[in-house]
Amino acid sequence: MRLRELAERIGATLHGNGDIEIRNVSSIAPATLADVVFVDDVRFLEQALECGAGAVIARESDLPANADTIGKPMLIHANPRLAFARAAEALRRAEAVPGFVHPTALIEQNVEIAADARIEAYAVIGRDCRVGARSHVGSGCILGAGVTLGEDCDLVARVTIYAGAALGNRVVVHAGAVLGSDGFGFARDPESGRYVKFPQIGRLRIEDDVEIGANATIDRGALGETVIGRGTKLDNMVHIGHNAQLGENVVIAAQSGVSGSAVLERDVLVGGQVGIADHVRIEEGAILGAQSGIPTKKVIRGKGIVFWGTPARPIAEYLRELAVLSRLARKKRE
Amino acid sequence: MRLRELAERIGATLHGNGDIEIRNVSSIAPATLADVVFVDDVRFLEQALECGAGAVIARESDLPANADTIGKPMLIHANPRLAFARAAEALRRAEAVPGFVHPTALIEQNVEIAADARIEAYAVIGRDCRVGARSHVGSGCILGAGVTLGEDCDLVARVTIYAGAALGNRVVVHAGAVLGSDGFGFARDPESGRYVKFPQIGRLRIEDDVEIGANATIDRGALGETVIGRGTKLDNMVHIGHNAQLGENVVIAAQSGVSGSAVLERDVLVGGQVGIADHVRIEEGAILGAQSGIPTKKVIRGKGIVFWGTPARPIAEYLRELAVLSRLARKKRE
Amino acid sequence: MRLRELAERIGATLHGNGDIEIRNVSSIAPATLADVVFVDDVRFLEQALECGAGAVIARESDLPANADTIGKPMLIHANPRLAFARAAEALRRAEAVPGFVHPTALIEQNVEIAADARIEAYAVIGRDCRVGARSHVGSGCILGAGVTLGEDCDLVARVTIYAGAALGNRVVVHAGAVLGSDGFGFARDPESGRYVKFPQIGRLRIEDDVEIGANATIDRGALGETVIGRGTKLDNMVHIGHNAQLGENVVIAAQSGVSGSAVLERDVLVGGQVGIADHVRIEEGAILGAQSGIPTKKVIRGKGIVFWGTPARPIAEYLRELAVLSRLARKKRE
Chain A
1 MRLRELAERI GATLHGNGDI EIRNVSSIAP ATLADVVFVD DVRFLEQALE CGAGAVIARE
61 SDLPANADTI GKPMLIHANP RLAFARAAEA LRRAEAVPGF VHPTALIEQN VEIAADARIE
121 AYAVIGRDCR VGARSHVGSG CILGAGVTLG EDCDLVARVT IYAGAALGNR VVVHAGAVLG
181 SDGFGFARDP ESGRYVKFPQ IGRLRIEDDV EIGANATIDR GALGETVIGR GTKLDNMVHI
241 GHNAQLGENV VIAAQSGVSG SAVLERDVLV GGQVGIADHV RIEEGAILGA QSGIPTKKVI
301 RGKGIVFWGT PARPIAEYLR ELAVLSRLAR KKRE
Chain B
1001 MRLRELAERI GATLHGNGDI EIRNVSSIAP ATLADVVFVD DVRFLEQALE CGAGAVIARE
1061 SDLPANADTI GKPMLIHANP RLAFARAAEA LRRAEAVPGF VHPTALIEQN VEIAADARIE
1121 AYAVIGRDCR VGARSHVGSG CILGAGVTLG EDCDLVARVT IYAGAALGNR VVVHAGAVLG
1181 SDGFGFARDP ESGRYVKFPQ IGRLRIEDDV EIGANATIDR GALGETVIGR GTKLDNMVHI
1241 GHNAQLGENV VIAAQSGVSG SAVLERDVLV GGQVGIADHV RIEEGAILGA QSGIPTKKVI
1301 RGKGIVFWGT PARPIAEYLR ELAVLSRLAR KKRE
Chain C
2001 MRLRELAERI GATLHGNGDI EIRNVSSIAP ATLADVVFVD DVRFLEQALE CGAGAVIARE
2061 SDLPANADTI GKPMLIHANP RLAFARAAEA LRRAEAVPGF VHPTALIEQN VEIAADARIE
2121 AYAVIGRDCR VGARSHVGSG CILGAGVTLG EDCDLVARVT IYAGAALGNR VVVHAGAVLG
2181 SDGFGFARDP ESGRYVKFPQ IGRLRIEDDV EIGANATIDR GALGETVIGR GTKLDNMVHI
2241 GHNAQLGENV VIAAQSGVSG SAVLERDVLV GGQVGIADHV RIEEGAILGA QSGIPTKKVI
2301 RGKGIVFWGT PARPIAEYLR ELAVLSRLAR KKRE
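Residue numbers (the working numbering), protein chains in the order written: chain A, 1 to 334; chain B, 1001 to 1334; chain C, 2001 to 2334.
In case anyone wonders, no lab produced these hints; they're calculated from the structure.
Some clues are possibly wrong.
[Said to hold, decoys possible] Taking lysine to aspartate or glutamate and the EDC-like style, the derived pairs with C-alpha atoms no more than 16 Å apart in a straight line are:
#1 C/K2297 x C/D2278
#2 B/K1197 x C/D2278
#3 C/K2197 x A/D208
[Unchecked claim] Calculated from the model, a selection of chain B residues having no Cβ within reach of chain C, i.e. all distances over 12 Å:
#4 H1015
#5 G1016
#6 D1040
#7 L1045
#8 E1060
#9 I1076
#10 D1116
#11 R1130
#12 D1152
#13 R1158
#14 T1160
#15 G1185
#16 Q1273
#17 D1278
#18 K1303
#19 R1327
Source: prediction; values computed, not measured.
C-beta: ideal position from N, C-alpha, C; glycine also.
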């Protein structure tokens, strides 16, 4: 892609030669002429201007006085980190890769695979599956019957998807993730004392632009649906229970768990190792600090408010409690 | 299965035509004539009676006055949820599926596979393994040497079992689970400062009717055995350390961890993200609230008593502490 | 290996016939003549001396008066557990196993595999990979392009390694682990409200003698490197975020998480389910109790000092706080 076009795509102002060809983003040290790099901190500007990159993304205020005489083209943006991320996205999409089905991939009956989709070695695609345009099913992925993938999805490798799950467009799933597994539901039989499995026959629906981390697990609905909303991002080893409903642009850090039938509204932010019990509702834009815990059926409300502790409370309150306790313990000691 | 037989199997009273054929359980909306549905809440009764299902499971007290004239057969049970779960189980077992070994499955020497077992694509079954009647080894499962599976087991897909593990009958293991892996044991060498691996050469034994969630891990014994007792249910990403002993009908929710040599007696209930340290004993029927933590060598005693917090204490005590602390912090603020 | 040589290798003093051949370590009950067993507790000494083992490792002080007349050779060491671990290591290395590439393994272009390396069924090895002498790539492992494994590595089974990761010598990786996956980094686009993925194009470097548990995940650097230092041991389901730096001989128990850019210096010990936020520094030899939490950018200092709680504080302080709180709550109740 010409640098001029890239500038336009990412909303940056071009300084210098817009005709050069850019193919990749890079960090500063290994950058070559076909790469663009970025500078978020003016201390690294000189290094960036001297590195092998074809162009540098930087802030207006960081632009050196002699920018025009340096010879290295620059893309000026108020948020270089965002501009760099956008550049990576734009360049990734520009790549056209030919479709293929590896000879060792097993494709069952009545499967539709787009001509430009890529199916890697030892993938297993069950009957009635659909794989959309430009989607990638990595090595060792297993798709149960009736799974649908939209366009531009990437199942990196060794992803397992149970029967009937539906993924939208541009969904990225990292290695080892399990999607659509049975929820954890049992009815105790009072006569025998044993647990009888409650049927887990619902579905999993994942909307567009979701990213799911390595070894994460998302259970399908027991009878109804589990839903992961558009643009939501789940880190490694996040667990989502059956019938949970995640809104748009929810972000959940590593090793957090969302229990059955919990609702996370749009723009909720969840730190790492947070535990959200069943039937909890986290309302729009609330923020849960790392390791906090939300007991069953609680409602957490407060756009932009941080909650912490178990049971989670507004962070100011929690910190006050910690301070009071610490003071008491110190007094006791003296 | 005739509805009459199903009624008998699940201990329900039949109203209406017992000759209809039922093949599956279903939720209300998509139900067809061969399905049975259930109603746990009288608000959904009308919907259920009008849906496509062949029969409805409901409570006696929810039975409409005109039940006999409705025409839809009903199965009356005091606990419709349990009856529905039992129905699912009875119908699942009634299905007879022919056995097969997929041509891409690799079966090593001296393996015994029951004629009606099903071995899916790209499964790898090590030497001296045994796979019992009607058991299913899903795609991409890997069984080390000498693994034994009883009857009616289901390794859904991509389950890895290390050499020597023994699974009983009707054990269900979800995708990505790892069974019989090496425990975490090292001896520090004072001369070099490095950790020398302590041999992990024991076994893993899983009794009948156990269910293990997606991406869970269970380590084998270091020298002795790790044991998962009959009827125990482990949710996704649960970790069980080496030499742990779990009794019958233990239930552990997602992302909890049980360290080496811990003992959980029968009927213990463990919430999500609970941490149980090594050599802990949780006595019969105790309940550990989500995210609680049990320090090393502690004994937790109290059938039906809920423990919470880290270190875990009886929940009443813990809540009292939280209340006192909150009051102090509020006072301080005023 | 002759018992005499084994004694020398593990630094033990030999009593009795050093000419016998030892091939394995074992627990007491199933031991045969080619096995060595150990006794850490004098109560088990008699049992050990009477078992089928060829030799017994024990403490000098536990040596019976009639040791010379018993006939069973003994290896005397001040730390029998360590000596036993060393014996296991020495015997494991003595085994020479012929190399092979299973016919179903897929090896892409320009791969170098040592003649005595073992590549199991359905492994996929991407272009430009290197597999060192005596390394084992288990069934179902997937190595992206340019991955390098040193000598004597063991990828047990179904390990996924993303492109470009470099593993040193004697690295053991258990089933289901994912190495070099994308870090969790997104830039929020204020115009659209959506998260744009920040490029995750750095590397993962794992030094010699590291062991990684089942279903663990380690992300590569965003731009730079994630580093796991020599001799470090990670238990099952540990998560390491992008650009984290772990020093030598760090030990992390199951289900703990280390966020992006955190630094754990050498000899740090981390209990289970600990959460370490981004940009934290844990200095040399500090110990983090199970379930403790370290908030963002904190520095934890104190060789041999145990920290506990969230936010983590020295354990003495934390226990004092717990005691004060418990006393207040009890008083309140009375």
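Worksheet item: So which of those numbered hints doesn't the model satisfy?
Response: The structure breaks hints 2, 13, 14, 15, 16, 17 and 19; every other hint is satisfied.
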